[in-house]
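Participant: What follows is each chain in one-letter form.
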Amino acid sequence: MKLRQGTFSFLPDLTDSEIHTQVQYCIDNGWAVSVEYTDDPHPRNTYWEMWGHPMFDNPDAAAVVFEVNECRKQFGDSYIRVIAFDSSHGWESIKLSFIVNRPKDEPGFHVSREEVKGRSIRYSIKSYATDKPEGRRY
Amino acid sequence: MTIKKIDLHAELIETGVEQVLIDLDKSLIGLEPVKTRIRETAALLLVEKAREKIGLAHETPTLHMSFSGNPGTGKTTVALRMAELLHRLGYVRKGHLVTVTRDDLVGQYIGHTAPKTKEVLKKAMGGVLFIDEAYYLYRPENERDYGQEAIEILLQVMENNRDDLVVILAGYKNRMNTFFESNPGFRSRIAHHIEFPDYSTPELLDIGSSMLDQLNYHFTKAAKNAFIEYINLRKEQPHFANARSIRNALDRVRLRQANRLFKENNGLVDAEKLSTLEEADIRESRVFSGGIDN
Amino acid sequence: MPDGSDKLTGKARYSAGVLEYKKMGYWEPDYEPKDTDIISLFRITPQDGVDPIEAAAAVAGESSTATWTVVWTDRLTACEKYRAKAYRVDPVPNSTGQYFAYIAYDLDLFEPGSIANLTASIIGNVFGFKPLKALRLEDMRLPIAYIKTYNGPATGIVVERERLNCFGRPLLGATVKPKLGLSGRNYGRVVYEALRGGLDFTKDDENINSQPFMHWRDRFLYCMEAVNRASAATGEVKGTYLNVTAGTMEEMYKRAEFAKDLGSVIIMIDLVIGYTAIQSMANWARDNDMILHLHRAGHSTYTRQRNHGVSFRVIAKWMRLAGVDHIHAGTVVGKLEGDPATTKGFYDVMREEFNPQSLETGIFFDQHWASLNKMMPVASGGIHAGQMHQLIHYLGEDVVLQFGGGTIGHPQGIQAGAEANRVALEAMIFARNAGDNYLQNGPEILARAAKNCTPLKQALDVWKGVTFNYESTDAPDFVVTPTTS
Numbered sequence: 001m002k003l004r005q006g007t008f009s010f011l012p013d014l015t016d017s018e019i020h021t022q023v024q025y026c027i028d029n030g031w032a033v034s035v036e037y038t039d040d041p042h043p044r045n046t047y048w049e050m051w052g053h054p055m056f057d058n059p060d061a062a063a064v065v066f067e068v069n070e071c072r073k074q075f076g077d078s079y080i081r082v083i084a085f086d087s088s089h090g091w092e093s094i095k096l097s098f099i100v101n102r103p104k105d106e107p108g109f110h111v112s113r114e115e116v117k118g119r120s121i122r123y124s125i126k127s128y129a130t131d132k133p134e135g136r137r138y
Numbered sequence: 001m002t003i004k005k006i007d008l009h010a011e012l013i014e015t016g017v018e019q020v021l022i023d024l025d026k027s028l029i030g031l032e033p034v035k036t037r038i039r040e041t042a043a044l045l046l047v048e049k050a051r052e053k054i055g056l057a058h059e060t061p062t063l064h065m066s067f068s069g070n071p072g073t074g075k076t077t078v079a080l081r082m083a084e085l086l087h088r089l090g091y092v093r094k095g096h097l098v099t100v101t102r103d104d105l106v107g108q109y110i111g112h113t114a115p116k117t118k119e120v121l122k123k124a125m126g127g128v129l130f131i132d133e134a135y136y137l138y139r140p141e142n143e144r145d146y147g148q149e150a151i152e153i154l155l156q157v158m159e160n161n162r163d164d165l166v167v168i169l170a171g172y173k174n175r176m177n178t179f180f181e182s183n184p185g186f187r188s189r190i191a192h193h194i195e196f197p198d199y200s201t202p203e204l205l206d207i208g209s210s211m212l213d214q215l216n217y218h219f220t221k222a223a224k225n226a227f228i229e230y231i232n233l234r235k236e237q238p239h240f241a242n243a244r245s246i247r248n249a250l251d252r253v254r255l256r257q258a259n260r261l262f263k264e265n266n267g268l269v270d271a272e273k274l275s276t277l278e279e280a281d282i283r284e285s286r287v288f289s290g291g292i293d294n
Numbered sequence: 001m002p003d004g005s006d007k008l009t010g011k012a013r014y015s016a017g018v019l020e021y022k023k024m025g026y027w028e029p030d031y032e033p034k035d036t037d038i039i040s041l042f043r044i045t046p047q048d049g050v051d052p053i054e055a056a057a058a059v060a061g062e063s064s065t066a067t068w069t070v071v072w073t074d075r076l077t078a079c080e081k082y083r084a085k086a087y088r089v090d091p092v093p094n095s096t097g098q099y100f101a102y103i104a105y106d107l108d109l110f111e112p113g114s115i116a117n118l119t120a121s122i123i124g125n126v127f128g129f130k131p132l133k134a135l136r137l138e139d140m141r142l143p144i145a146y147i148k149t150y151n152g153p154a155t156g157i158v159v160e161r162e163r164l165n166c167f168g169r170p171l172l173g174a175t176v177k178p179k180l181g182l183s184g185r186n187y188g189r190v191v192y193e194a195l196r197g198g199l200d201f202t203k204d205d206e207n208i209n210s211q212p213f214m215h216w217r218d219r220f221l222y223c224m225e226a227v228n229r230a231s232a233a234t235g236e237v238k239g240t241y242l243n244v245t246a247g248t249m250e251e252m253y254k255r256a257e258f259a260k261d262l263g264s265v266i267i268m269i270d271l272v273i274g275y276t277a278i279q280s281m282a283n284w285a286r287d288n289d290m291i292l293h294l295h296r297a298g299h300s301t302y303t304r305q306r307n308h309g310v311s312f313r314v315i316a317k318w319m320r321l322a323g324v325d326h327i328h329a330g331t332v333v334g335k336l337e338g339d340p341a342t343t344k345g346f347y348d349v350m351r352e353e354f355n356p357q358s359l360e361t362g363i364f365f366d367q368h369w370a371s372l373n374k375m376m377p378v379a380s381g382g383i384h385a386g387q388m389h390q391l392i393h394y395l396g397e398d399v400v401l402q403f404g405g406g407t408i409g410h411p412q413g414i415q416a417g418a419e420a421n422r423v424a425l426e427a428m429i430f431a432r433n434a435g436d437n438y439l440q441n442g443p444e445i446l447a448r449a450a451k452n453c454t455p456l457k458q459a460l461d462v463w464k465g466v467t468f469n470y471e472s473t474d475a476p477d478f479v480v481t482p483t484t485s
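Protein chains in written order, with my numbering: chain A, 1 to 138; chain B, 1 to 294; chain C, 1 to 485.
Warning: the hint list may mix true and false statements.
[As the list claims (entries may be wrong)] With a straight-line cut-off of 27 Å between C-alpha atoms, the simulated BS3-like cross-links for lysine-lysine are:
{"#": "1", "chain 1": "B", "residue 1": "Lys224", "chain 2": "B", "residue 2": "Lys273"}
{"#": "2", "chain 1": "C", "residue 1": "Lys260", "chain 2": "A", "residue 2": "Lys117"}
{"#": "3", "chain 1": "C", "residue 1": "Lys254", "chain 2": "A", "residue 2": "Lys117"}
{"#": "4", "chain 1": "A", "residue 1": "Lys2", "chain 2": "A", "residue 2": "Lys132"}
{"#": "5", "chain 1": "C", "residue 1": "Lys23", "chain 2": "C", "residue 2": "Lys34"}
{"#": "6", "chain 1": "A", "residue 1": "Lys73", "chain 2": "B", "residue 2": "Lys116"}
{"#": "7", "chain 1": "A", "residue 1": "Lys2", "chain 2": "C", "residue 2": "Lys23"}
{"#": "8", "chain 1": "C", "residue 1": "Lys260", "chain 2": "A", "residue 2": "Lys126"}
{"#": "9", "chain 1": "A", "residue 1": "Lys104", "chain 2": "C", "residue 2": "Lys260"}
Hints were generated in silico from the structure; no laboratory data involved.
All of these numbers come straight from a predicted model, not from anything done at the bench.
With the rest of the complex left out, here is chain A (with noise of 0.2 Å):
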């Protein structure tokens, strides 16, 4: 099972240059970049760890690819995203989301289903990951 999270999910892999091009648009876009990571894929997990702040200052991408390789360094059989945040009104949140690294095995997620009254079934998503404690998990 391949984690569709984050725009280019869809596209092999991306290389260190790509990942450059890509979070030079969003720097050139006035938007800070942050680099995060977790053992924990659900798609409601909305707060992954920081690695770090997002970035406010830095003008060429070079800085995010060499935090993205030191987060890998410590959790390279993690999920790690690159995301971008916008701060103008009206919007004040992320811009762009996309993953730069993922475990060798992703084993993927269970759907429990509940038959409640009538024919409902209430359904949930689980990681198969996630049975074994944090910092374990892959």
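Mind docking chains B and C on chain A? Use the hints.
Facilitator: For chains B and C alone, kept in the frame of chain A given last:
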């Protein structure tokens, strides 16, 4: 598609490198050895690019540099031009200059230095990092000094991210030499050592005159002679900082001129009076009575 | 236009009988609209021999206080204030016999927060008025004071994206086809295949409600099974617009509640349910953290003709007030009506915080939106992966691209169709961000992406020649003439 022939002179103009060199010539008085070195470096880099285009063996040259010389000899100004030059040549992507000293790199407590140094390095990526008085990073007398940590990160990035930034280490010549001797890691990663000589008296006078020109002031003939005397006396004193000392001296001369104009208090002043610096304005300096200007 | 008001006052104005509207005070050429006035711009086509100014005054009168004859009871009111005022009449460029009439309405003429009340005035009686051959409401300027009486879109573009965890690219959708006849079980299959293949949304069609072949509860149940399975298979938040349109409000609420209980992120209504029902459903959606999708079913009966009806840009403004999150707004390149400049005007009305006057896109007034949420436009109808560069160029990033046939009609199946669309989209966004001239190089970018994606290659081969180049019936009256230097 491979290119067979390249017109180096056309490249020089098209990349805008020629213009940077002309600007450098115009805006900096003297510094002939420095200008020559920069021209040579530009030529080397241009040829390197040409070789790359034609498909000959090439490798990204090491571009880290050291600028050694006394204060006020134009190191920061040249660094700015160098950043622009490298940008025009395509060796750095953005061409901005980030100027720092030890305090910007080294932290106050354990765990503080690495993020601080990395912040600075990230800011400089795509451009040039200018570390002034770089030898202060290294303090052998204090074995728990965090400077060593900054040095290690610097060396690592200078090696691994050669495409992302160029580092210029700057400072007094003697102290730079000692620094390199005790830090062979830096010595081996720096390809270009450029020495900035002190200015001669006529050069310093030229520098002073052009500063005054920009501000719409001028010397009388007697004032000019007095200023030459001033320069010669000041050069022998401690803390002489070349062009910077000249600028400071002129600031004080202007102050004295203004005071004089008030004391004279003989009616209306015209543009000529307002822009003329006289001998007395200079001779009042304590340098003439054995004192020291900063 | 000839200026000067022949307005009568006092006894002369109120003697019994029939007066020209312009003499009754509905034509005030010197009037300067207040910041709090609602301004309407009508395209009027007077009957032969009818003075355009009188026609404009009549429209002002009939859409505010007037009736066909003088009534003395006017004098019991602050009638000067309540009279709508036609203040400007311009001939329409290149259209003989048509005029643009600017009419200002005092804020007190309208009930706060009611589209029904607004429309009952502005388009209530006046469109059948005999002295006019035709009448079209082209645009409206809504004052901030009036906008602030509405809550606006329940979710808005930003929160929708946060909730879906989807940023930086258009969303992808598909309408389940065939529109009618699938059983609930079969219907859910299409939803599963499309979402699993890479789409974010699937959609009920406007006329899928609860018919003999598929009861609405069946549809909801099977669709949610499909949504959850696809979500687990991809790790993404997925949705399907469950159409809750029904005969009564009670029934719609019931269906919406069921959709919520099943965990759907989005529900859908049709424009034909009416403005009041739309506002009610928007309130419900806001209370239940639900994205509200509006299908503009029926709009072309009054938006399409250039000389009569209501422009879609006005409908879009009303819907932003009413509070829907998604609204169909044209594709430019697809099978349905949509001139590029006019469509840009619609999209701007939906997505911008401020619309400056822009005659070339049909925006007649500066319009502030007072931080009302933005609506996500939906482009649907006859579009396919091969047009991706044009779609992104014309429609931008904050849009749902609905590939119905362009997904389900893929020769290798629905999943393959969905994947082709998603790969084409991501490749094009990547190229755009990387600074590529993607509009010009679109076909090459797609061909390159297709090297890693056979479904895309097949899609490009199958639909390579499909275009819908017909002249638009709703183009702007003002065109930018290139200046010669």
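Participant: The structure should be examined with respect to each hint, and the outcome stated for every one.
Facilitator: Structure-based check of each hint:
1. B/Lys224 x B/Lys273: 16 Å, holds
2. C/Lys260 x A/Lys117: Holds - the C-alpha atoms of A/Lys117 and C/Lys260 are around 15 Å apart, at most 27 Å.
3. C/Lys254 x A/Lys117: 16 Å, holds
4. A/Lys2 x A/Lys132: Satisfied, since the Cα-Cα distance of roughly 20 Å is no more than 27 Å.
5. C/Lys23 x C/Lys34: 22 Å, holds
6. A/Lys73 x B/Lys116: Holds. A/Lys73 to B/Lys116 sits at ~19 Å (cutoff 27 Å).
7. A/Lys2 x C/Lys23: The hint is violated at about 74 Å.
8. C/Lys260 x A/Lys126: Cα-Cα ~20 Å, so holds.
9. A/Lys104 x C/Lys260: Violated - the C-alpha atoms of C/Lys260 and A/Lys104 are around 37 Å apart, more than 27 Å.
Violated hints for the displayed structure, listed by number in ascending order: 7, 9.
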